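Colleague: Sequence:
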Amino acid sequence: MGGHSHWSQIKRQKGASDARRGAAFTKLSREITVAAREGGGDPAMNPRLRLAIEKAREGNMPMDTIKRAIERGVGGGEGAAALEEITFEGYGPGGVAILIQTLTDNRNRTVSELRTTLSRNGGTLGESGSVAWQFDNRGLITIQADGADPEELALLAIDAGAQDVKLEGDFVEIDTAPTDLDKVKKSLEAAGFKITSAELAMLPKVTVTLDEKTAAQALKLLDLLEDLDDVQKVYSNADFPEAVLMAYAST
891 MGGHSHWSQI
901 KRQKGASDAR
911 RGAAFTKLSR
921 EITVAAREGG
931 GDPAMNPRLR
941 LAIEKAREGN
951 MPMDTIKRAI
961 ERGVGGGEGA
971 AALEEITFEG
981 YGPGGVAILI
991 QTLTDNRNRT
1001 VSELRTTLSR
1011 NGGTLGESGS
1021 VAWQFDNRGL
1031 ITIQADGADP
1041 EELALLAIDA
1051 GAQDVKLEGD
1061 FVEIDTAPTD
1071 LDKVKKSLEA
1081 AGFKITSAEL
1091 AMLPKVTVTL
1101 DEKTAAQALK
1111 LLDLLEDLDD
1121 VQKVYSNADF
1131 PEAVLMAYAS
1141 T
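Quick note, the numbering used here runs 890 ahead of the 1-based positions in the sequence shown.
These are calculated hints, taken from the structure and not from any lab test.
All of these numbers come straight from a predicted model, not from anything done at the bench.
Built from N, CA and C at the ideal position, the CB exists for glycine as well.
Since no wrong hints were added, every one of them can be taken at face value.
Using C-beta positions, here's what the derived DEER-type ranges look like:
(1) R947 to A1080: 12 to 22 angstroms
(2) A1081 to R947: 18 to 28 angstroms
(3) E975 to L1045: 32 to 42 angstroms
(4) K1073 to D932: 12 to 22 angstroms
(5) E1079 to G1012: 33 to 43 angstroms
(6) E1042 to S1009: 46 to 56 angstroms
(7) R1005 to L1045: 39 to 49 angstroms
(8) R1005 to K1073: 31 to 41 angstroms
(9) I976 to L1045: 37 to 47 angstroms
(10) T1014 to E1079: 39 to 49 angstroms
(11) A1137 to G949: 18 to 28 angstroms
(12) D1117 to E974: 18 to 28 angstroms
Model the full assembly from the supplied sequences, consistent with the hints where possible.
Modeller: Spelled out as structure tokens, the structure:
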């Protein structure tokens, strides 16, 4: 699995039981609110909202909380209107490219927090356009293999519209065009496969292989960035050594 995808998968598994669930709920609520604001409050007609709700439910967010987040977006409340989507770009240890997607009601605060976190951990904040060209907006589906025939899964996914399928360890990673994500996901679910995650993601065109020391520093930075209140998602083009990921998973 790609470096970012594997890191995200491990982080998701670790986060299921850690003390950061409250912060996760806040970020999920913001995404639901903005998705409803931009595309309407009906999940059947709004793929972004549907994905956000599914992710919230996977995180055990109460339905009442989900409904309130949708209502804020549809109703155009003050909190919803103030939220601005901004993507920042930067560099991390080893020169890895980093994309940081934020939802914020105070751009100056967000910039200050990002710049401080990056500079204290071997990174720098870049100019707009400095690294975004190294990433593609893609649909990304991961499935835990669980003994499934990877060739059968790959053929089914490609027939449904997937553009690439990779088997890495216990996971199958399926790459789609952004507009085909929902269609491919539904086809796989109808065939009985359990989706581990499905999301729109910025995937690197080319990855940068890091040595173990630099990879550990980069992982720490990515974690710190994701923990910032205004940050929704963080992507990098780092290719992490397996030993570093295994150590990270065990912490």
